[in-house]
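Chemist: Sequence:
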Amino acid sequence: MLCEFRHPTVGRRCIHNMEMRIVQKLHAVQILYSTLLSTVITDPKFSMPIANVTAAVGRDATLTCVVHDLGAYKVAWLRVDTQTILTIQNHVITKNKRIGITYTEKKTWQLRIKDIRETDRGWYMCQINTDPMKSQMGYLDVVVPPDILDYPTSTDMVVREGSNVTLRCAAVGSPPPAIVWRREAGDNISLQDGEQVSSVEGPTFTIPKVNRLHMGAYLCIASNGVPPTVSKRVMLIVHFPPMIWVPNQLVGAVEGQRMTLECHSEAYPKSINYWTREKGDIVPQGGKYEPVLIDNAYKVVMKLSIKVVSQADFGAYKCIAKNSLGETDGTIKLYSKLSGYPYFNPVESSADKPGFGRKTLLWSSFKQSFPCVSFVFFYLLPPPSCRENSIPICVFHLAFSIPILVQRPLGKALDWKTPLGRS
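Heads up: the sequence shown at position 119 corresponds to 119 in the UniProt record's numbering, and the numbers run straight through without jumps.
These aren't lab readings, by the way, just hints derived from the structure by calculation. One or more hints might be untrue.
List time: in silico DSSO-like cross-link candidates among lysine-lysine, alpha-carbon distance up to 27 Å [stated by the list, open to error]:
#1 Lys307 x Lys318
#2 Lys322 x Lys337
#3 Lys322 x Lys270
#4 Lys333 x Lys288
#5 Lys107 x Lys97
#6 Lys107 x Lys74
#7 Lys134 x Lys74
#8 Lys303 x Lys288
#9 Lys209 x Lys270
#10 Lys95 x Lys114
#11 Lys134 x Lys106
#12 Lys288 x Lys322
#13 Lys288 x Lys232
#14 Lys279 x Lys307
#15 Lys299 x Lys337
#16 Lys232 x Lys279
#17 Lys318 x Lys337
#18 Lys299 x Lys322
#19 Lys288 x Lys318
#20 Lys333 x Lys299
Per label pair, the in silico range of CB-to-CB distance [stated by the list, open to error]:
#21 Gln83 x Gly216: 53 to 59 Å
#22 Gly286 x Gly202: 41 to 47 Å
#23 Ala217 x Thr104: 54 to 60 Å
#24 Gly315 x Lys209: 22 to 28 Å
#25 Leu213 x Gly315: 50 to 56 Å
#26 Pro49 x Ser190: 21 to 27 Å
#27 Gly315 x Pro269: 27 to 33 Å
#28 Thr82 x Gln136: 14 to 20 Å
#29 Gly286 x Ser190: 41 to 47 Å
#30 Pro49 x Gly216: 37 to 43 Å
#31 Val254 x Ile282: 24 to 30 Å
#32 Lys114 x Asp81: 18 to 24 Å
C-beta: ideal position from N, C-alpha, C; glycine also.
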């Protein structure tokens with residue numbers, strides 16, 4: 001603006017306006033200088049290190065960067081291994097929709113990652129665009145719960161008794177999981193040296209010379225401190241031919257009583273079990289015979305009940321077990337037990353007249369075919385008051401015979417008033 005000083009009043013007004021503009025410009029320069037000076041003096045700095053974060057797969061994670069005196073500078077988050085810029089100030093740069101940024105008063109900057117994946121594991125950098133650049137890093141560790149692989153983990157196994165068996169269990173996770181083997185039923189595990197343990201550690205478990213006692217379900221359990229712990233069931237099936245043992249091979253019975261014969265068998269695959277007589281005839285089910293099978297895993301208790309034993313039932317019985325690997329049998333001899341203890345009725349005898357008298361005594365047993373071994377007669381003299389006319393008591397003349405051959409005596413009867421008992 002040009003001022004002409006032709007008029008005293010106008011000239012003074014122009015000078016005043018120019019002075020005002022100069023003062024305003026000087027004030028603006030002073031503010032700019034103060035800002036620059038303040039920026040140089042209050043350089044931004046990090047208040048604390050970035051804390052490392054551990055998060056499980058599928059969860060959310062947050063990395064926090066705290067900056068003081070940021071001023072006009074800007075904060076950015078980067079992925080270190082890929083040198084990818086994730087955020088600048090409050091703007092998300094990456095196309096990853098799981099990444100977010102929050103900040104408070106330009107002081108606390110939080111990088112948020114949703115639905116954590118294993119690929120998110122690594123170093124993250126919080127950076128301030130000073131010259132030289134200022135930065136610090138924090139580590140995101142992603143933990144993964146254990147997972148048991150289908151291969152090479154063992155599936156259900158069928159082996160012959162006496163062979164060597166190795167069970168395998170492969171699991172992945174972060175940190176790497178530890179593996180423990182247990183029996184599903186809670187039974188102890190038999191080791192090669194005979195030691196009994198509740199569990200075995202390690203991805204492989206070897207059983208040398210496996211036997212039927214090893215048969216059952218085993219659990220491979222994988223854990224790494226990250227829930228949940230997982231397990232897989234492996235069924236070990238041991239095949240072996242049948243075997244039979246008989247608790248009582250000789251059984252006695254009396255005609256008319258109920259009798260049960262018993263055999264125990266073990267076999268796997270499960271056996272076919274039945275009874276035969278000594279000539280090979282299969283004992284029928286029903287009528288007087290009641291065959292019963294009590295099955296428990298590879299063990300079977302065979303019972304044959306005879307409701308009423310008769311003479312025709314005495315003899316040999318065979319319990320038979322067979323499967324695809326073999327056949328075996330056991331024999332039980334059912335014999336007739338001598339029955340019937342001797343007994344007799346009371347005998348009263350007196351002399352009809354003085355002199356010798358004769359009285360016939362009779363005795364019998366429960367089974368007429370079982371003779372008595374011996375017998376003894378006892379008699380009592382009546383007291384004097386019972387004697388009439390001073391007639392002396394008569395003396396019996398005893399006539400009897402003793403059996404010649406007795407193979408199995410059973411007992412004796414003392415008198416008709418005393419309960420019978422074995423001799």
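Chemist: Please write out, lowest number first, the hints stated earlier that are contradicted by the structure.
Modeler: Hint check: 2, 13, 15, 16, 22, 24, 25, 26 and 30 fail, others pass.
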